[in-house]
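Going line by line, the protein sequences match chains A and B. Going by our numbering, the residue at position 22 of the first sequence is 22; the numbering climbs one at a time, nothing skipped. Going by our numbering, the residue at position 140 of the second sequence is 140; the numbering climbs one at a time, nothing skipped.
What the hints contain is simulated information worked out from the structure, not anything from laboratory work. Keep in mind that this is a model prediction, so the values were computed, not measured. Keep in mind that the hints are not guaranteed to be accurate.
Stated by the list, open to error - Label-pair restraints from in silico Cβ distances:
id	chain 1	residue 1	chain 2	residue 2	range
1	A	157	B	123	21 to 29 Å
2	B	4	A	59	24 to 32 Å
3	B	171	A	27	39 to 47 Å
4	A	3	B	61	37 to 45 Å
5	B	85	A	76	21 to 29 Å
6	A	82	B	149	33 to 41 Å
7	B	15	A	76	30 to 38 Å
8	B	54	A	133	22 to 30 Å
9	B	149	A	32	28 to 36 Å
10	B	143	A	157	29 to 37 Å
11	A	3	B	23	48 to 56 Å
12	B	97	A	6	45 to 53 Å
13	A	3	B	171	55 to 63 Å
We put the CB at the ideal spot given by N, CA and C, even for glycine.
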Amino acid sequence: MRNFLVSFGRAMGSLVGTLYQAGREAVDQVWKNILPFLAFVAVIVGIMNGTGLGTLIANALRPLASSPIGLVVLSLIIGLPVLSPLLGPGAVIAQIIGTLLGTLFASKTLPLSSALPALFAINPQVGCDFIPVGLALGEAEPETVEVGVPAVLFSRLITGPIAVIIAWVAAAGM
Amino acid sequence: MDALVAFAEGFIGVFKAGADWWWAVFVGIVPLVVVLMTAFNAIIAWIGQERIENFGKFASREGVMYLPFRYLLLPVVAVFVLTNPMAYTMGRFLPEKYKPAFYDAAVSFVHPPLGILPHVNPGELFVWLGIASGVESAYGATVLADLAVRYFLVGLVVILIRGIVTERLTAMMWKKEAAA
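Looking at chain A on its own, in the form it has when it is part of the complex (with noise of 0.2 Å):
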């Protein structure tokens, strides 16, 4: 009896602990990656909004946006490989990008329909900026990495546009 009063409270006590470490994990990132970012979208959402700029360049954005093929041009410029390592960091293009087009897909002047292709057309570059890291991460060779760039950065001149028409094609009945 005592040995599983032991047991039990033991477990109890692990996890309590582990699902506050969990908690203070999860707040720590909100407090540290999340409310900046937000902060920093915020400031660029109210000058868009508050300007009329957000119109002017969602307008400019809207002929790409509302077409399979617009789409696929947008994968394709974004996913260059002399842009998409500068496009990368931080993924802050691809937000700011999204949130312009959110705002036509809130009014209904984008069809639901381009939701999801719109969603990978911004978003080719995923990871471009950070290629050499993250092989590293892997514990690659420094040969891996001189042909690896190079192959990632083509490989998305191909799977961006792929990526767009799957999705074009999965967002059927939406």
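Assemble chain B onto chain A, guided by the hints.
Below, chain B alone, put in the same frame as chain A:
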């Protein structure tokens, strides 16, 4: 004077527009993210480092047959339990020739789950949420959930294709490099 007042109003209006947006997101999204992240952080702690490593070794096999292991199962589990950017450390179990393809597959999966599992990459939530919040305000929560599930599923297909294409390109460039 009137012009000055109008200017001041316009000026503060810009920031008020931003503040309204910030508040809507803060109230609408952040509590859900906190609760989900807490739950998943705890689950990951219970799974434990050792089991995750064993899985990495298990999924890192050579050969065409194991393509879905390398570029689907391994990146999905890596992103789910280790999150961005630690997920890429799972590449260490793979032979060198597969590492770029694995990185490509893994990094391409740090956004598609965000609608369901925001803990994998909370710092880049708006890659998903920018479009998603617009969709939600126009069509409601059910359509939003539909979009989230489809984003997740298409993400699975896309990372497998990326892995395969990048593996081929890596092999081609390796040959060129060796010949040069």
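> Which numbered hints turn out to be false for this structure?
Replying inline: Hint check: nothing fails, all pass.
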